[in-house]
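Colleague: Chain by chain, the residues:
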Amino acid sequence: MKFKGQSIISIRDMEKEALLKIIETADAVKRGGHKGCLEGKVVSTAFFEPSTRTRFSFASATQYMGGKVIGFAGTASTSVTKGESLVDTIKTISGYCDVIVIRHPVEGAARLASEAATVPVINAGDGANQHPTQTFLDLFTMSERFRDLSKIRVGFLGDLKYGRTVHSLAYALALFRAPMVFIAPEILSMPGYLLEEIREMGSETRQFEALCDIDVSLDVLYVTRIQKERFGDMQEYERVAGTYRVTPETVRALTEGVRIMHPLPRVDEIDVEVDAMENAIYFEQAHNGIPVRQAILGLVMGTIS
Amino acid sequence: MKTYKVYAISDGTVIDHIPATRALKVIDILGIENEGILTIGIGFSSKKMGKKDIIKIENKYLGKDETDKISLIAPDATINIIKNGTLKEKRRIERPDTYIDIVKCRNPNCITQSTGVKTKFRVVKSSPLTLRCHYCERTVEAGEVEIL
Ligand SMILES: [Zn+2]
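Line by line, the protein sequences are chains D and L.
According to numbering that gives the first Met the number 0, the stretch in the first sequence is residues 0 to 304, in order.
According to numbering that gives the first Met the number 0, the stretch in the second sequence is residues 0 to 147, in order.
Derived from the structure by calculation, the hints contain no laboratory data.
Misleading hints may appear alongside valid ones.
Simulated restraints on C-beta separations [claimed, not checked]:
| no. | chain 1 | residue 1 | chain 2 | residue 2 | range |
| --- | --- | --- | --- | --- | --- |
| 1 | D | R238 | L | T97 | 21 to 31 Å |
| 2 | D | G4 | L | I146 | 28 to 38 Å |
| 3 | D | E235 | L | V123 | 28 to 38 Å |
| 4 | D | Y192 | L | R90 | 27 to 37 Å |
| 5 | L | G115 | D | P190 | 52 to 62 Å |
Where a beta carbon is used, it is the ideal one built from N, C-alpha and C, also for glycine.
Working from the sequences, and respecting the hints, build out all of it.
Modeller: Okay, here's the thing in structure tokens:
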């Protein structure tokens, strides 16, 4: 896959080789390579819903590489929620910058934007659908600890039914045919169609209802938030959330050296006491958003080849 | 000689073996309601299908790209192209890889729900026929498909 001029919309557009290229580039960037590669470039952040962390991460990534950022955030006006005005907005912004980073509450908005834009578009989240740079930074973080992504076994914990991050990451790991374990209460378990797809791609999968039931070793435990809104019954929510809470004891009961990851922000699904453990790498994971986004920006603008 | 109750045409396209009562939907999908003389037969007996519909379109030769659009609602239809009173071509429907502006996305939060965006679905699996929305990436099985 050549990156120059390409939009980054969905993990489904990616091949294993492209993911490896991103990891390799992010690694070079993190080691101080490609400095100033965005000099003279303008990145536009078109955030149709607020997401301060993601927007700051892209802005910071750009500025560290010598680029400039323009943009807006959190436009709630009804005119931009309609498809046609989105197209017009994107066509207009295309003339002002070298790349557009879009965040939009409606699913498919980033794909539509990429079809309207004359510059590459990077999807920074379209509703519950995709957020590919999150997946790239997750993979990059794993690759720093485990050289061969096809050999690591990741356990996903929490809301696996609605979790966009989980779905994309599981799909990406399936491109490497990595074995996976899914741990969730039945009402929040992985969607059947996705499980089937992942298996067809060559990954071995196992499902458990509780962490203590796992009978295989894990290299990474990927924790996600269980949202209150998914439950009609608050008592049921409290029970489930309590069972899936990660504490120092849970970590110690798992495979020695298991790495704990989380897309952040967390609420209380990981006890703060876990932060001090060597196993916890979620802040490092968040910080990896910078080199990974720098790599992506440089690759799509052709300043890194 | 087999006689149809719908009169024969000497030039045009005959779409046969449409599942009963879907003829109007087929015309709608093909967008041929204002394309000259149409003869519509609904509810003919058919050995193969029990009941079937037939459409005859005079003086218009529908191409394969056009007729493949009806594969979701009339997968077993047969297309007969008639020129100067003789059958010039007989073909079946083939399933396209992509359906543009035919299927409605069932996801209420999909960008195609807003005006002006044409839907686009790709076939991701043939049995059971499963389509994926090009925009929101949700999949839908043919049985649950809503035609625009
Ligand atoms: Zn859709």
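Colleague: All hints, please: hold or fail.
Modeller: Each hint, compared with the structure:
1. Under the hint 21 to 31 Å, the C-beta atoms of R238 of chain D and T97 of chain L, about 46 Å apart, miss the expected range.
2. The hinted range of 28 to 38 Å is satisfied by G4 of chain D and I146 of chain L, whose Cβ atoms lie roughly 36 Å apart.
3. In this structure the supplied range 28 to 38 Å holds for E235 of chain D paired with V123 of chain L, their Cβ-Cβ distance being about 35 Å.
4. Here the CB-CB span from Y192 of chain D to R90 of chain L is close to 33 Å, well matched to the stated 27 to 37 Å.
5. A C-beta distance of roughly 30 Å is found between G115 of chain L and P190 of chain D, which places it outside the suggested range of 52 to 62 Å.
Of the hints listed earlier, those the structure fails to meet are numbers 1, 5, in rising order.
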